[in-house]
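Undergrad: Given these sequences and hints, build the entire structure.
Listed below are the residues making up each chain.
Protein chains: 2
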Amino acid sequence: MSLELNSLARKKAPWLSADGEYSHAVISSRVRLARNLARVPYPSISNAKQQAEVLDLVTQTIASVKSFDNGGFWRARELDSTDRQILVERHLTSPEFMRDSADLGLFVSAEEKVSVTVNEEDHLRIQALTAGLSLQAACERAQEVDSSLDSGLTFDFDREFGYLTACPTNVGTGLRASVLVHLPALVLTREIESYLNRLNKLGFVARGFYGEGTDVQGNLFQVSNQTTLGQTEMEIVRGLENIVKQLVDQEGEAEKTLAKNARIELEDRVWRAYAIITHARMLNSGEMMNLLSAVRLGVGLKILSPMPLPTLNELLILTQPAHLQKAGGGKQSGEERDVRRAELFRESLNA
Amino acid sequence: MSLELNSLARKKAPWLSADGEYSHAVISSRVRLARNLARVPYPSISNAKQQAEVLDLVTQTIASVKSFDNGGFWRARELDSTDRQILVERHLTSPEFMRDSADLGLFVSAEEKVSVTVNEEDHLRIQALTAGLSLQAACERAQEVDSSLDSGLTFDFDREFGYLTACPTNVGTGLRASVLVHLPALVLTREIESYLNRLNKLGFVARGFYGEGTDVQGNLFQVSNQTTLGQTEMEIVRGLENIVKQLVDQEGEAEKTLAKNARIELEDRVWRAYAIITHARMLNSGEMMNLLSAVRLGVGLKILSPMPLPTLNELLILTQPAHLQKAGGGKQSGEERDVRRAELFRESLNA
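One line per chain: the protein sequences are A and Z, in this order. Residue 287 in my numbering sits at position 287 of the first sequence; the count goes up by one each step and never skips. Residue 1215 in my numbering sits at position 215 of the second sequence; the count goes up by one each step and never skips.
Rather than coming from a laboratory, the hints here were simulated on the basis of the structure. For every residue, glycine included, the Cβ atom is placed at its ideal position computed from N, Cα and C. Heads up, a few of these hints could be off.
[Said to hold, decoys possible] Far from chain Z by the CB rule (all over 10 Å, computed), these chain A residues:
{"id": "1", "residue": "Ser2"}
{"id": "2", "residue": "Leu5"}
{"id": "3", "residue": "Asp69"}
{"id": "4", "residue": "Glu140"}
{"id": "5", "residue": "Leu188"}
[Stated by the list, open to error] Here are the computed distance ranges between Cβ atoms for each label pair:
{"id": "6", "chain 1": "Z", "residue 1": "Asp1249", "chain 2": "A", "residue 2": "Lys11", "range": "27 to 37 Å"}
{"id": "7", "chain 1": "Z", "residue 1": "Ser1305", "chain 2": "A", "residue 2": "Lys331", "range": "49 to 59 Å"}
{"id": "8", "chain 1": "Z", "residue 1": "Glu1265", "chain 2": "A", "residue 2": "Gly330", "range": "18 to 28 Å"}
TA: Right, here's the structure in full:
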């Protein structure tokens, strides 16, 4: 293991490269598999010794998994809150990693394509992150890691139900697929509510930028499956992929409607966002997400000159609080972060 | 008389040329003399015939006043509301000119340096407008017109009280001197209230961009004397000039305080204003005044690159609703005006 947190915080995450399908609207795809070790109490009820044993077991097994060569390993308890937050901001693990509820560990592959969180809600959470709409690739990558680990660990598996998990919503495949999709026009036309309601009825759910329990920021929705039982992994993944394609099509229609019925208001909104994001001397995180959303919309609709999508995607992460803190070196006040965030945008987007 | 309203609406008013003293903070100086004809009822109680006679008398007399050679004359009743508003927006007459309360007439000299409104509250309102802090020059210019008219008209004058006027606050010299001064830092530091209270105690008053009863917009205050009795014209004018110099000094102190204690917030405010005003596709009048104020402050504090002050001053007038309407030709909706206003700013301020 040789991936350092300091260098990680400066890297460009490959899932932000915008080189997948539907990258104009879909930032990334994610597949996460929940696994538990048989005959070991689940993290919420296990003691410190049992949790440390699980962490040891996974460490030994993962050593022989090729994807994790030259990767990184971090034990939450040994990190300060900024470092933990870096890992959460990079979407490598869930916000649970910030808490001291258990002896949490995180394995990350060298290129951040796969990661394994240990002692979260389940013993293992195997995750694969890919750029654009590419759930099948993400699924295959997560399954590869799953198979490799399966050969060294004994997972809690029931012939009738499938994989057993801490929360019943994960029982079965243990698979949660999710897609981070940008839907600014559906928000502007206020159609988004009815689409989200329809999603729910079809067994999907939309959440915020950092998953369950987090707010939607910058019109970025994390759409995922709600049920993991009664379908194969590929059925779940294809189902979600279809739903997202429909959403992206509807977003395209909404963009056309806006461009037709409210062209000047749309141009005004986009140009103001671009103007502020490239001139402001202080930008807070919430405002930044909204401005970046409008700029992305403006690039898509050719109101603004072309800008590289990877740059826009990467700014989403590089301007998060812990990333700014890390890049700045040393503790920063909220105001200092806002100043640095604004500088980063001027450096990145001004010609 | 040869000044046409259509060409007037496109002209650069000389009082916006920023070539007077204190032009960084003081837009313009204005002196207005109230005069009434002896033995003729005042406009508020006179009938149509009497008002028309006053207008005729003034027209005959003004024909021999050199300052008005090649000037313009407009009778309010013969103008539509856009045309009347043009004259008000250019500060050539008061907002009273919009109303049909009497048979109002307006004489304007060729270069808009002096004007005479007939049948407003008083029979005559003689006004001189100059750039920067130059009340004495404005006063001399107004007095010159006053003397010329005095030789052809008999003004209502009382040995004890001086000139008699419709409103007792104008009795005496009939002189109202006012200065349009930009005080953004005093507004930001919230010191403005206490300074305005002090002004009042000293017999001065601060009003909005278009005088009595209008709102302060863009941190532009019209400071004027309240009393016209018991002092000579020059005493009033010098008193106001001193007060304004003090205000400008205090504004300078407030700017230093801001630059020292809230530099980054100030820079952020200025740069955002500049960004929006040079990129927006729609700008309403109120927002425009505020943005322009921040840009002017930013130029003064060298946060922004130098910009010609006359351009900033002229935009104050050229982007007022009736001026935009006139320049656009034909009736415009509020949205169309906002679009045209934003275009004007992009054309004028973008390098």
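Undergrad: May I ask you to check that Glu140/A keeps its beta-carbon over 10 Å from the closest beta-carbon of chain Z?
TA: 45 Å, holds
Undergrad: Ser1305/Z and Lys331/A, beta-carbon distance inside 49 to 59 Å?
TA: 35 Å, violated
Undergrad: Could you check the hint for me, namely that Glu1265/Z and Gly330/A are 18 to 28 Å apart, CB to CB?
TA: Given about 22 Å between the Cβ atoms, the range holds.
Undergrad: Ser2/A: least C-beta distance to chain Z exceeds 10 Å?
TA: Fine: 39 Å to the nearest Cβ keeps Ser2/A off the interface.
Undergrad: Checking a non-interface call: every C-beta of chain Z should be farther than 10 Å from the C-beta of Leu188/A. Is that right?
TA: 15 Å, holds
Undergrad: CB of Asp1249/Z to CB of Lys11/A, is that within 27 to 37 Å?
TA: Violated, at about 54 Å.
Undergrad: Measuring Cβ to Cβ, find out whether Asp69/A lies farther than 10 Å from everything in chain Z.
TA: Since the minimum Cβ distance to chain Z is about 45 Å, Asp69/A lies beyond 10 Å and the statement holds.
Undergrad: Quick one: work out the minimum CB distance from Leu5/A to chain Z and report holds if it exceeds 10 Å, violated otherwise.
TA: 29 Å, holds
Hints 6 and 7 from the list above are not met by this structure, while the remaining hints are.
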